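A.B. asks: Go ahead and model the full structure; you've got the sequences and the hints to work with.
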Amino acid sequence: MDDLLDEFIAETNESIELLDGELVRLEQNPDDPELISHIFRVLHTVKGTCGFLGLPRLAGLAHAGENVLGQFRDGAIPVTPEAMNPVLEALDKIRALVADLEQTGKEPAGDDSSLVERLNAVAKGGGSDNGNAGQDTQAAPEVEASAPQAEGNLFEQIGGLSSVDAAVELFYERVVDDERLRDFFADTDMDRLQGMQRAFLTLALGGPDEYDGRDLRSAHAGLVQKGLNDTHFDAVVEHLGDALKDLDVPDNLVGAIAGRIETVRGDVLGRDATPDATPEAEQPAAQEQPEAPAAKPKRSASNSIRVNVDVLESLMTVVSELVLTRNQLMQILRTQKDSDFNGPLQRLNQVTTELQESVMQTRMQPIGNAWSKLPRIVRDLAQELDKKIELVMKGAETELDRQVLDEIKDPLTHMVRNAADHGLETTDGRRASGKSETGIITLSARHEGGHIIVEVSDDGHGLSTDRIREKILANGLATHSELEGLTDQQIHQFIFKPGFSTAKSVTNVSGRGVGMDVVRSNIAKIGGTVELNSIAGRGTRFTIKIPLTLAIVSALIVECGGQRFALPQNSVIELVRVTKNSTYKMEGVKGTPVLRLRDRLLPLVTLKSLLEIDDERSDDETYVIVTQVGTYMFGIVVDRVFDTEEIVVKPVSRALRNIPIYSGNTILGDGSVIMILDPIGIANVTGESSATDDQSMDAIEEQSDASEQTSMLIFKAGKGAPKAVPLALVSRIEEIDVREIEDAGGQHSIQYRGRLMPLVTLSDTTIIRSEGKQPVLAFSDQGRSVGLLADDIVDIVESDVTVEMKGGQPGTIGTAIIEGRATDLIDTTFFLKQACDDWFGVQRDAGFGEKAAHQILLVDDSSFFRNLLTPILEAAGYTVTQAENGEIGLEACKTRGDFDIIVSDLEMPVMDGFGFVSELRRDPGFDKVPIVALSAHASPQDISRCEEAGFTSHVEKLNKDSLLKKLKECAKQTRDAA
Amino acid sequence: MTQTAQFNEAGAKAERSRFEEYLSLMVGGQTFGIPVLQVQDVLSHQTVAPVPLSPAEVSGSINLRGRIVTVIDMRVVLGLEPFSPDQCPKSVVVEYGDEACSLLVDEVGEVLELNVGECEPNPANLDSKWRELSNGLFRLETELLVVLDISQIVSAPEKTLDA
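Quick note, the sequences are listed as chains A and B, same order.
Using the numbering used here, read the first sequence as starting at 1 and increasing by one per residue.
Using the numbering used here, read the second sequence as starting at 979 and increasing by one per residue.
Keep in mind that the hints were calculated from the coordinates and are not lab data.
Fair warning: this is a prediction, and the values are worked out from it, not measured in the lab.
Please note that a few of the clues may not be correct.
[Unchecked claim] BS3-like mimics (lysine-lysine), calculated; alpha carbons at most 30 Å apart, straight line:
#, chain 1, residue 1, chain 2, residue 2
1, A, Lys435, A, Lys388
2, A, Lys650, A, Lys608
3, B, Lys1068, A, Lys650
4, A, Lys650, A, Lys409
5, A, Lys471, A, Lys545
6, A, Lys409, A, Lys471
7, A, Lys545, A, Lys650
8, B, Lys1137, A, Lys525
9, A, Lys585, A, Lys497
10, A, Lys719, A, Lys585
11, A, Lys608, B, Lys1137
12, A, Lys650, B, Lys1137
[To be verified] Pairwise CB distance ranges, derived in the manner of DEER restraints:
#, chain 1, residue 1, chain 2, residue 2, range
13, A, Ser314, B, Ser1129, 25 to 35 Å
14, B, Pro1063, A, Asn13, 53 to 63 Å
15, B, Lys1137, A, Ala10, 42 to 52 Å
For glycine and all other residues, C-beta sits at the position ideal for the given N, C-alpha and C.
C.D. replies: Right under this line is the structure:
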């Protein structure tokens, strides 16, 4: 009995969780008959089991709820929130009762009559008369009024499903008491049997087809073997008849029903003699009561069993050990060629991997399990807050580790609550801002690499930067001066700070003292990260990235000071090998090591100094592991990098638990114990108080700093100062074999990607080597390439580029100081023109045809850019006038007024691009002139700001192609307009 | 082994059930005892993988049949000079809670059956560090045996880290 009870509790809990979601769905799709019958069945199962186990309170509640659902299904009452509320309440009550039952083993005493009455009232309210069938499950529900209805088939005549249901219950009691039939019911699942009977009868009487049992004959073969004969069949029919009579079903109907049953007698008893029973009744009929028990329980039993989680956990542990031992064996095998063990060990290897996967599979559960409560929560919140909310769930079938699932359940719930409470506007608010009344909260999950990405987004008003700012100041999280200069994004990150809640009033919904900081730390605990993205007026999106599983992870094994460490692979972005001669070099800023990695400066953490390992060896060759925590990127410097290995994460002992930079330890294939480094811990220890917010700010700051700068490629060519060219203009850097250089048409050229690429030299002093390799900078455009021969590629630097001296020499724009050295800036257009005269000519033709050159006003404070762009634009057929800032540009417009297109930088001294354009737009002569904005980085905010100010379009600085394309479009527009 | 028992026959006879077995070990010239039921293993010299940043008491971790065991240097715990790398200390693996710790000691002695009733409280003038670690002491024939409190030893590194 205890086992039964346990089973019941587990099953009921599951069912209720399921019902929660389904009922809410029903409210939204009141016309889905399948949904209704499913809910009805689940509730019915609960009811039946409760009755069987002698749990009257539960049975009563379930029954009353079932009645309401019965009315929904029959369409007697409409599915409305008002009708649904007591049903949901009943579910909550059932849940509470089951919880009590689980604790005490007894159903607690209490009275549910008011709730039951309300349920019955709802059921009745729809005008149905069988709603008052009574709370007492075991008592026969009275199906008075519906029986005499003369219309419809038998099923409808006897009063629909509720009558069938009642009849089955009565019938069932009788059958079990009948000595003749008892044997057939031994060892059967009573509840399932009832369900089968109900479905069968329904079908036999012409009701909806719900029967999914086995085919008649096969189902009954077993029963016939057991000795089923006509006597038994007669007894069954008799009991059924009696049961129906008990329900006041008129005699004539009982007779008709008995007749229907009679038609399947042959099939049930497995006789061939009665082959032609009514065809439509035949098939289902066969499953008569006795067959059901044999069929259904077996089928479901073989598909799934309940296993205690502890068993799975210990299985997992054992398999982990096996994996380790396997790794050890494989390690040994690698050192011994041609061993007899080779074959068997390979098989062991394979089998272990399969076993590991299978065991992992047992731990995997669809993320939907963590979401099942959410529809209900959202529904209740919507009522409470008087908002209209729709919860959209995508990817609920995405599977992840049970342990991870448990950990994210609460954070997710919290975020959904937040979205409903703070994120979405009230119905009025939404209407006012021109949105649909129903706010949408979207939950989505998907696999990405070894991670699960879960997104919680709403289409509400987005985070209120002002209110966050107020709150930050009020809570003393930062000072005025600190907040100044922070972008909205950076300010938003403060919601992850401890003790932060933006809700104006502490509602029942949020403001429970749990903040986003807890959410974030819970997610961080399982190695996940949260990112926040909010657009004012459009909504907020949280992106959670979590590992699939915690038990076995793929890790990079590194060495530092002669010791090995494991670094979880999922935080590793890339590996960079650094030697004295490598492209990337480590440098120091006031003793702080940094790495120039392409276009960014990467802060470095030297593992050796972090771990306080004394090691005398020089760092001729080191590796930088580029690591990402949240949005913060940093490099970990190690001596060597080995392989990646699948490691089993074991928690560190208590003695070491307080060291933040370890997340665990593990045993490698060779048996050695190594520590697992925790990237989050390392980021925190190295001065970043908490990796995900502060760092992301740094990253953003870094970015905006960088925006003032340009990546320049420094190279040597010919005599004199080093040369520089914006990296964005170089399509590739190639090293060519000088023997492949050919002389054709009086020009050096080389076959490059199947075409002939002309080679040019910067000046006559550039030497074309006689042998070996020589670097070439390739510039490509419209499928053509030109190569500029260089002597040596020096570096790529981020630098402010200010032209100090105008270039006197053809092919240079001027001279600038880069990295403390005077450097010649190369005018790429000059060389391109030199190499192929027709290059720009083609564009010119394509651009404007017969039309005379367009006048362009180029406003940019950097003479470098002006000088760089002017030749490009001129080459494309425009006539260019330059202006140093907005004010000068404005003057130029006023004095000349014949510019067809204006191209302007955004950030400039005296008057910036925004000011310039808004001013210019006021002038009626310029209110329609296309104005193209140039900026180094095109964030959505920038673009929208540009549009507000009056720019026609926006182009990334240094993106020559898109600028020319844009200008062409503008020119066409002007021409069309003219 | 049963010297103490003979020492006090009356008590021994009266309270036979209170005899307990202790594993004796030597650290820095002093004899200590650990209840034998808490001892899981006695190992000869092991290769210890150091753990950077660990508290001084922890000399590293070892792999004990697939289980990772933290190694605690008893000399440091007792406020003595740590073992130097060229020494070959013995390891006594003790079970505490669901974790195991390996204690590095100079020598491992034998198992003594001692009458719990004869255990004496720590002398009032005992070094405060030792007093925390000691559950009392036994007067053996030739020396004193200090009963070690495993829970205190195991948590010693944590305290150091916190401090």
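A.B. asks: Let me make sure I understand: some of the numbered hints might not hold for this structure. Which ones are they, in numerical order?
C.D. replies: 9
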